Amino acid sequence: MIRRSFVLDTLIDLVIRTALVFSVFLLFSGHNAPGGGFIAGLVAGITLVLRFIVGGPDAVRSALGVSAPGLLGGGLAIALLTGIAGWLWGDAFLESAKFEVELPVLGVVKSTSALPFDIGVFVVVVGVAAAMLSALGRDEGGDS
Amino acid sequence: MIFVLLAHTVVALAAVVLGQRLGRRVLLIGALAPALTVAWLATIWDRSVVVQSVEWLPAIGLDLGFRTDGFGRLMVALVGGIGLLVFVYAWRYFSDRADLGRFTAILVVFAGSMFGVVTTDNLLALFVFWELTSITSYLLIGYDDESAPARAGALQALLVTGVGGLAMLGGIVLLAQAAGTYSLAGVLEAAPTSGPAVAGLALVLVGAFTKSAQFPFHFWLPGAMSAATPVSAYLHSATMVKAGIYVIARLAPVFAPLVVWWRPALVAVGLVTMLVGGWRALNQTDLKLILAQGTVSQLGFIVVLVGIGFAEATFAGMAMILAHALFKAALFMFAGIVDHQAHTRDIRRLDGLGSAMPAVAVAAVVATASMAGIPPLFGFVGKEAALEALVHEPAWWIATAGVVLGSVLTMAYGLWFLWGAFARKPEGTITDPVGPGVSRPPTWFVLPPVVLVAITVVAGVAPVIADGMVNAAAVAVDPLAATYHLALWHGLGLPLALSALALAGGYALWRRPLPGLRALTERLPEATDVYASTITGLNRMADRITAVMQSGSLPIYIGVILAVAVTAPGVYLIGNWAVPDDLVFAESWLQVITAGIVVAAALGTIFAPRRLGAVLYLGGVGYGVALLFVLQGAPDLALTQLLVETLALALFILVLRLVPTYFGMVQSRVRRIARIAVSSTVGLAAGAFALWAASPADPPPIADEYLARALPEAGGRNVTNVILTDFRALDTLGEITVLAVVAMGALALVAARLPDSPESEEES
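Those sequence lines, one after another, are chains A and B. Residues in the first sequence are numbered consecutively from 5, following the working numbering. Residues in the second sequence are numbered consecutively from 195, following the working numbering.
Next up, chain A with everything else stripped away, as it sits in the complex (with noise of 0.2 Å):
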């Protein structure tokens, strides 16, 4: 077990939690202003690093609850099913639909079917990070 500075392991929380929303507005707001799914997902990725740093592998996998590969798929399968999705419901693969939802407390909310599409791409993004970390990130030695 790596040794832990409370204080790092808290302001790093603070840093991670502010970055992870900042993430989501990325996500959010990508398609009129600048961000999306992939640059929210570095953001989101970044976040993964910085847990590592303080916590090591298994920081990073507590903090995720899901493995690598099963973001991998499963971010994949989000785009695809919204290319599908285009597909019976438009005229071609990957053909995107604007729509419009009144919600509760937001009123009413404008988007486009690239937005799951762009989901999928944030979590694959993740995936790509977390891999990424648990295929490099191993202690050699095994003391972990």
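Among the hints, erroneous ones may be present.
[Claimed, not checked] Listed next, the stretches of chain A that the computed footprint assigns to chain B, with coverage defined by at least 3 CB atoms under 8 Å from CB atoms of chain B:
(1) 17-27
(2) 73-79
(3) 124-134
[What the hints assert, rightly or not] Distance windows between CB atoms, simulated:
(4) A:L12 <-> B:D339: 39 to 45 Å
(5) A:R21 <-> B:R869: 41 to 47 Å
(6) A:R21 <-> B:A346: 44 to 50 Å
FYI, nobody ran anything at the bench for these hints, they're computed from the structure. As the structure is a prediction and not an experimental result, all values here were calculated from the model. Note that CB positions come from ideal geometry on N, CA and C, so glycine has one too.
Keeping the supplied structure of chain A fixed, place chain B upon it in accordance with the hints.
Just chain B now, kept in the frame of chain A:
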């Protein structure tokens, strides 16, 4: 027809789900699929042609066009009817095992694919179904996946039929391009005979020959005998191996008169196959191998009949397709019963089994008699029709002679099979005998083949029953066949004399098996050896290429990749060199300063003695570039660059733990120069590209169009993101797929390198 295909899918899925719970009864669930096929066939029985079409990929002319005519009905009857019996038989053949659900599902998928092959009118769809039968055949032969011979036999069958399938795909494209349509009926109507079309025909024939186990591709069929016997009875005698014959029979009436080599080629291949298979059958001691070689022989016979392209011979070929399916599927099932009860199918051990299971023995005798062409069985009716047809074409006397010789062999190996399976052998010739003590098989086990034998008898005594079906099948491919009908008694004539000659000759050959000739032929090279040396040669070549390509040296890999990446576009660049007219040194001092930082960091990377230092300098280059993006007003790009740089830096540092702290000195002078040359060329080329890309290009940049369409069409104001998730979403999908694959590869590589680590087990 699409409904039948969908039903097969549903049944296959159900079999997978229920496999664990039902044990071997899951095979009865599987039987629902062929039962449905039979029911569907009954509803369309009296309609001459049934057509149904659904668009699939209109862009390449692929639609799911179905067209069932008389020939299709005959084939569907085999797929459904024999399929039904095989499922019932398999239910008794297997003991309960956990993976029978998988087996049933694959067998159902095969039945559906085979149904597709014989009902589709679209040549591309035909190819897809065709390949599906190859793949399911592979899975079924290799079902017993812990047995090395089963795996080898499965792979061999897959490679041979797979190569043939590819040849056929090429042929289909050539034919369809020449005919201007991918519809089978359309191609036959257009009957193109241009050079490419004829080449296409030849390729399609190669595919058909591999599938129907024609010489010199016949060897995979005996190799496939490691499959469970229900599979051999269904795929490798009654249906799948008839797929090639199905295609030949469709093409022959149209192309045999038009293409000069067609008749000689088909007759030669068919006859050689018939004789080689028949002769080899005589040399086998495994019941199933006798039948497999016999099947090769009979398939050659049918290829002669349907390939020669005369209406009467085509008609006889249809009768033989039916007759062969009836008696050979039954014989395989009997061989399976013997194997199941006696636990061996080696005729050097079976002794006096006829007294232990007399009913089976009698039924097997009848089926064999039909195969040999003994009246009044359906095999005789078919063979008489065949001889009659061939005798009517005196120019092709060689085909008649070959078929008679082949029939001699058929009679001989038929007797060899019966004697080997059921007879009491002379004292002292048998070691470790298995015989009279064998228990009787249960009724449901024997019933399916007995049903087939009963049909053989009834259709032989009263050929009228089968005549409508066979006649309709022949007319569907050749309207001239309408005047021909099946008959038990053709009158005293040459065909009857030839039949008698074949029977007598076969009996004589079985009594005196020509040991000299046998020894001679055993020294001939077998097609299996050719196959084996081809595979060995391919593997060796692959080894050599891999040894050259995958040297294991990272600098060489990177050098090659960079050199290729620069050379190909670099040549284009030199030919089309252009520089922007309004070239400005810098727009602001900030740019100059940032660029200076980037250059300094790049130099630092080169001269850093420690790897960590080099990586940090490299990060500096990246951040500097990100800053340049910010100054140029490209926040998306800058953000991405910044984040990628950070992540890459972190991962880089993780990797650094595994390599030495300091760079080693490259000792060889030549290598140093080579490295410097590669890296400076890449740097110069990259710079030149950047400069050139800014010059006004001839076609207007696509950016304007994207900018104009982003908000109204995709509902987004961030064009970069709209491009990624909408305009070029398919590219993005491809890219994230690559990312995922690379990440999985990295995980797998590390897990493979550290087999003992508990983490690697957790990860997988």
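Structure-based check of all given hints:
no., hint, in the structure
1, 17-27, "violated (count 0)"
2, 73-79, "holds (count 4)"
3, 124-134, "holds (count 7)"
4, A:L12 <-> B:D339: 39 to 45 Å, "violated (53 Å)"
5, A:R21 <-> B:R869: 41 to 47 Å, "holds (46 Å)"
6, A:R21 <-> B:A346: 44 to 50 Å, "violated (58 Å)"
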